[in-house]
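J.: Read off the chains here:
Number of protein chains: 4
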Amino acid sequence: MVLAPPTDPNHPNDHALIEHNDDPTHPAFLIPELCRGFYTLGWVTGTGGGISIRKDEHVYLAPSGVQKEKIQPQDIFVLTLKERDFLRWPVHKPLKQSACTPLFYNAYDMRGAGACIHTHSQHAVMATLLWPGSEFRISHQEMIKGMRHGGMGSAMSYLDTLVIPIIENTPDEEDLREGLEEAMRKYPDAPAVLVRRHGTYSWGPDAERAKGQAECLDYLLEIGVKMKLAGMETVGLQQ
Amino acid sequence: MVLAPPTDPNHPNDHALIEHNDDPTHPAFLIPELCRGFYTLGWVTGTGGGISIRKDEHVYLAPSGVQKEKIQPQDIFVLTLKERDFLRWPVHKPLKQSACTPLFYNAYDMRGAGACIHTHSQHAVMATLLWPGSEFRISHQEMIKGMRHGGMGSAMSYLDTLVIPIIENTPDEEDLREGLEEAMRKYPDAPAVLVRRHGTYSWGPDAERAKGQAECLDYLLEIGVKMKLAGMETVGLQQ
Amino acid sequence: MVLAPPTDPNHPNDHALIEHNDDPTHPAFLIPELCRGFYTLGWVTGTGGGISIRKDEHVYLAPSGVQKEKIQPQDIFVLTLKERDFLRWPVHKPLKQSACTPLFYNAYDMRGAGACIHTHSQHAVMATLLWPGSEFRISHQEMIKGMRHGGMGSAMSYLDTLVIPIIENTPDEEDLREGLEEAMRKYPDAPAVLVRRHGTYSWGPDAERAKGQAECLDYLLEIGVKMKLAGMETVGLQQ
Amino acid sequence: MVLAPPTDPNHPNDHALIEHNDDPTHPAFLIPELCRGFYTLGWVTGTGGGISIRKDEHVYLAPSGVQKEKIQPQDIFVLTLKERDFLRWPVHKPLKQSACTPLFYNAYDMRGAGACIHTHSQHAVMATLLWPGSEFRISHQEMIKGMRHGGMGSAMSYLDTLVIPIIENTPDEEDLREGLEEAMRKYPDAPAVLVRRHGTYSWGPDAERAKGQAECLDYLLEIGVKMKLAGMETVGLQQ
Chain A
1 MVLAPPTDPN
11 HPNDHALIEH
21 NDDPTHPAFL
31 IPELCRGFYT
41 LGWVTGTGGG
51 ISIRKDEHVY
61 LAPSGVQKEK
71 IQPQDIFVLT
81 LKERDFLRWP
91 VHKPLKQSAC
101 TPLFYNAYDM
111 RGAGACIHTH
121 SQHAVMATLL
131 WPGSEFRISH
141 QEMIKGMRHG
151 GMGSAMSYLD
161 TLVIPIIENT
171 PDEEDLREGL
181 EEAMRKYPDA
191 PAVLVRRHGT
201 YSWGPDAERA
211 KGQAECLDYL
221 LEIGVKMKLA
231 GMETVGLQQ
Chain B
1 MVLAPPTDPN
11 HPNDHALIEH
21 NDDPTHPAFL
31 IPELCRGFYT
41 LGWVTGTGGG
51 ISIRKDEHVY
61 LAPSGVQKEK
71 IQPQDIFVLT
81 LKERDFLRWP
91 VHKPLKQSAC
101 TPLFYNAYDM
111 RGAGACIHTH
121 SQHAVMATLL
131 WPGSEFRISH
141 QEMIKGMRHG
151 GMGSAMSYLD
161 TLVIPIIENT
171 PDEEDLREGL
181 EEAMRKYPDA
191 PAVLVRRHGT
201 YSWGPDAERA
211 KGQAECLDYL
221 LEIGVKMKLA
231 GMETVGLQQ
Chain C
1 MVLAPPTDPN
11 HPNDHALIEH
21 NDDPTHPAFL
31 IPELCRGFYT
41 LGWVTGTGGG
51 ISIRKDEHVY
61 LAPSGVQKEK
71 IQPQDIFVLT
81 LKERDFLRWP
91 VHKPLKQSAC
101 TPLFYNAYDM
111 RGAGACIHTH
121 SQHAVMATLL
131 WPGSEFRISH
141 QEMIKGMRHG
151 GMGSAMSYLD
161 TLVIPIIENT
171 PDEEDLREGL
181 EEAMRKYPDA
191 PAVLVRRHGT
201 YSWGPDAERA
211 KGQAECLDYL
221 LEIGVKMKLA
231 GMETVGLQQ
Chain D
1 MVLAPPTDPN
11 HPNDHALIEH
21 NDDPTHPAFL
31 IPELCRGFYT
41 LGWVTGTGGG
51 ISIRKDEHVY
61 LAPSGVQKEK
71 IQPQDIFVLT
81 LKERDFLRWP
91 VHKPLKQSAC
101 TPLFYNAYDM
111 RGAGACIHTH
121 SQHAVMATLL
131 WPGSEFRISH
141 QEMIKGMRHG
151 GMGSAMSYLD
161 TLVIPIIENT
171 PDEEDLREGL
181 EEAMRKYPDA
191 PAVLVRRHGT
201 YSWGPDAERA
211 KGQAECLDYL
221 LEIGVKMKLA
231 GMETVGLQQ
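Chains as they are written, first to last, in full-length UniProt numbering: chain A, 1 to 239; chain B, 1 to 239; chain C, 1 to 239; chain D, 1 to 239.
Isolated chain A (complex conformation) (with noise of 0.2 Å):
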């Protein structure tokens, strides 16, 4: 499980994945695109949160502990799907890759995911802290709508009840993947997990429709919190 960059000098670190490329929609360029919109939606703040992007068999990824708001494309990891062997890696500044990339890789194994998306937004906070058991469950929203089963498969309904797992915290980032794969296993249709006290994992099959359901889950976790503090159930119809 351990991972790291190649520190042999003569290995091949191939820049060309990265800087030999202007196309806007390059996992390159969206990753320090999206994380700039995630921080002024107040989810990627002090360093935390992140995305990381699949093309094909290559996974792309932000470094950890850095500006999210700041990445360049410089900055970006990528490594093989398969194998997690590192193909490129920063080296015009001391970086490590993002302490979630094993819970990242979760998404693309067990979904076949294209992109994966955590926040620490303090919605999803409150939420796994006014829901204490396992499950975060909310009805009758039509955001709801914007959720995939299992967050790649057909577009849930008006009338889904949406049911997101919360998993406990762990001192260590690298140690949810056990937690997170056991829930991940446990609820086949929940298109994101909770961490309590924590933040969210979702994903998607590309970033465009990660990050759409990432906004309705924030969406509906902000609005579950609001019907909660005011007294309301969040499934059903009657208040």
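To be clear, the hints were calculated from the coordinates, so they are not data collected in a lab.
Be aware that a few hints might be false.
A pair holds if it fits inside one copy or across any two, identical chains being indistinguishable in the list.
[Stated by the list, open to error] Listed below are the simulated DSSO-like cross-link pairs for lysine-lysine, each with C-alpha atoms no more than 27 Å apart in a straight line:
| id | residue 1 | residue 2 |
| --- | --- | --- |
| 1 | Lys96 | Lys228 |
| 2 | Lys93 | Lys55 |
| 3 | Lys228 | Lys93 |
| 4 | Lys186 | Lys228 |
| 5 | Lys226 | Lys82 |
| 6 | Lys96 | Lys55 |
Remember, it's a predicted structure, so these values are computed and weren't measured experimentally.
Given the structure of chain A, go ahead and fit chains B, C and D onto it with the hints provided.
T.: Then chains B, C and D, alone, in the frame of chain A:
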């Protein structure tokens, strides 16, 4: 009621309606610009919500299920007002016109509106939960003066009570058409309709005045929700 | 009290007061820039609110009923301070000077202000609902030091209690003039006046200091509302 | 303790420290950029709050009582770390160095900090009202991991309880120096100090890490206030 662009590749598709134009007040430019602003306001996150603008006998529509803050002029559909014939549709990528199209036409047909806005504002959703009946009512707020009678007539007065009908949501957005039509018929003076657990529909004589009224409406929903949660009445002057 | 630009087409209209000028601190540039900032703060949505700046014997005014975040220098009116004669008015489209004009003149005539700001801030509206009497009072807040005695004098101290009179709203904005004048006379030390269910009027020696005080005022209204809703007193040190 | 730039017009004023420099990571550029970001976050509205950066033996300071979001490199003061001598000060307009200067030096002298941030965050003010004693405490939040022991040491753990001392406000900002010093001495592990009814002081090894910690602190104050208002304890795991 089924609307779809012609599938015959020889059918004329008048791209000039969009592309040979650099007037910043043209609907093809206004729709993207307004959607970016609405995204910042939290009205159209997660691909939800939207806007349609009418210019004379042409109706301009945003595509369905896309990131609203990223729409480009070339993504816009153009239909005729009367026959709902497609005059122009995007071919650079597969796009479907907004699922709200029949709802937007309600505002054009029943009110002669020049633009119609649909939001997923959380203030609207909370208002429809805190006002469980069929109307949201508020009076004695300066911002009521920013609303027009029926959305199209003269400005409302500080002494008017704003009454916005609330209709129930349906699993399919198209199925809201009938309920929306009934509410607009029953409340000819109302400048908007709320959809429970979903959002707002509002309109105006043109895009600028539709936007101004949508902002006033959202302000009034927000302040109404705050007042209700603080235990105040929103109609009348006594607290 | 009726103010309107001359209708005689031969009456001189001194466009040079606005257009032959590229000083970014000139009122014709400051008003649009400040209005864009106020829009972001939620103070002037839905065409509400505004700002007027005085430069020596000239008073600069934004137009009425327009999107405040879209104002351009050429939309600005210029009047004389004493006679309220129109020196410059827009002719490129039909625009009317702000309905707040007589209220802005109160600040110029009674306080010798250099700028006057009117907002529809929701914090102000909530404060006037939670303080049903004729005064909003708050003490022991660092931000009080950002307010000036009477809006124009020396800075207030952390030990001062900020007292802002509240007047009742009227159906027509012009009719607020008398109540505003009375409140400003009765509270010579107050740097602002609140209008119930409407918003704020505040002023300062120049645009920069008027803006700074408007920000401090809004901060204090917001924190006052939060304290009141949490069951705290806003005057004195005991909770 | 009285600090003021030399009044002798022949005293050397080393403008080159600011002006012959286009490195975007230089303090003279970072201070304006960071202040713009802090303004958007609501930390420095109404000319309040600020930031100081140390680069080796030079201390860079923003001016006092100006719009923080408008600061330009040429407005910056430069002092020596040890003697607090002025090496560079603005002459293009009358400006005074930040009233927080002695407080910023506390972080340099007592912690060896590389940057110090002062905010008027409303979350901080609310926290000091809801925690009427001399400490704000929170545990079991992922964002605690973004704070460093004493602001300068190793990262805190998810299992650590964050303890931030709260000192009482004083009418003059300079008079906070002693209380701040005492709190920093008594709480060597604390990465920040709160000032009741006023705001935050926090610091870090450099500007980037001071900003990251200030964001984590503000997040934790915000979530702490939300938890307290919802009737939850912020320390321990039971709700």
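J.: Determine for every hint whether it applies to the structure shown.
T.: To see whether the hints hold, each was checked on the structure:
1. Lys96 / Lys228: neither (39 Å within a copy, 36 Å between copies)
2. Lys93 / Lys55: Both ways: Lys93 and Lys55 sit 25 Å apart in one copy and 20 Å across, limit 27 Å.
3. Lys228 / Lys93: Classified as neither; 46 Å inside a copy, 42 Å across copies.
4. Lys186 / Lys228: Result: close within a single copy only, 26 Å intra versus 33 Å inter.
5. Lys226 / Lys82: Neither. Shortest intra-copy (42 Å) and inter-copy (43 Å) distances fail the 27 Å Cα cut-off.
6. Lys96 / Lys55: both (21 Å within a copy, 25 Å between copies)
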